[in-house]
Amino acid sequence: MLTGPPTPLPPRGATGRPGRELGHQLVRIQRNKAAALLRLAARNVPVGFGESWKKHLSAEFGKPYFIKLMGFVAEERKHYTVYPPPHQVFTWTQMCDIRHVKVVILGQDPYHGPNQAHGLCFSVQRPIPPPPSLENIYKELSTDIDGFVHPGHGDLSGWAKQGVLLLNAVLTVRAHQANSHKERGWEEFTDAVVSWLNHNSSGLVFLLWGSYAQKKGSAIDRVWLLCFVF
1 MLTGPPTPLP PRGATGRPGR ELGHQLVRIQ RNKAAALLRL AARNVPVGFG ESWKKHLSAE
61 FGKPYFIKLM GFVAEERKHY TVYPPPHQVF TWTQMCDIRH VKVVILGQDP YHGPNQAHGL
121 CFSVQRPIPP PPSLENIYKE LSTDIDGFVH PGHGDLSGWA KQGVLLLNAV LTVRAHQANS
181 HKERGWEEFT DAVVSWLNHN SSGLVFLLWG SYAQKKGSAI DRVWLLCFVF
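At position 150 of the sequence shown the residue is numbered 150 (the UniProt record's numbering), and the sequence of numbers has no breaks.
Hints were generated in silico from the structure; no laboratory data involved. Keep in mind that this is a model prediction, so the values were computed, not measured. There's no promise every hint is true.
[Claimed, not checked] Computed list of lysine-lysine pairs in DSS-like fashion (alpha-carbon distance at most 30 Å, straight line):
no.	residue 1	residue 2
1	102	54
2	139	68
3	68	182
I would like the entire structure built from these sequences, with the hints used as guidance.
Structure (structure tokens):
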């Protein structure tokens with residue numbers, strides 16, 4: 001008994017085509033989004049950011065928090081004196097390759113006096129005398145290391161070039177106002193730096209001086225990395 005015309009067969013190869021096309025579209029959208037973020041990050045590379053560090057951390061530059069942070073710092077510089085100067089904010093990325101870091105020393109806030117901060121925590125350029133925090137470090141070194149001699153200056157660039165990362169949690173500050181750039185986004189960025197080193201370095205030594213550094217270093221993998229808490 002006839003029940004009507006037969007149902008037409010789909011064209012050869014058409015079965016599942018809409019689903020596949022949707023999948024391809026989603027892949028293209030994700031690829032275009034990733035490319036757009038890379039272009040945005042490339043436009044937002046800060047002045048003086050070291051090449052090897054940029055390669056591994058550039059994804060941060062396109063994130064909303066970092067764009068907002070850069071806008072905040074730029075606006076602060078229009079109205080106040082901000083330390084360190086723009087070309088020295090990322091001095092710590094210029095001293096050695098990211099893969100050559102052997103020791104990480106974490107600080108909190110840049111020095112907020114004139115001619116002090118230059119992008120390495122605890123360090124000051126000559127002829128500025130060592131601040132009290134650095135003098136305390138020298139004192140501890142002279143106690144713990146036989147033969148250590150106070151260098152007579154506070155410039156730690158020599159340490160940095162040998163693979164000691166001198167990283168503050170916050171990388172800028174308004175003159176004479178400690179912690180004035182706290183909780184503006186720097187902490188998230190420097191957390192990303194510590195996280196990358198934590199997951200991509202072996203045999204790395206972290207020196208956590210003070211409660212603030214210890215808190216920031218709480219996520220460090222202490223099985224594979226060596227931490228000294230002071």
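Do the hints match the structure? See the list:
Between the alpha carbons of residue 102 and residue 54 the distance comes to roughly 18 Å, so the proposed pair stays at or under 30 Å and holds. The straight-line distance between the Cα atoms of residue 139 and residue 68 is roughly 40 Å, outside the 30 Å bound, and the hint therefore fails. At roughly 14 Å between alpha-carbon atoms, residue 68 and residue 182 fall within 30 Å of each other, so this suggested pair holds.
Figure legend: structure checked against the earlier numbered hints; the only hint not met is number 2.
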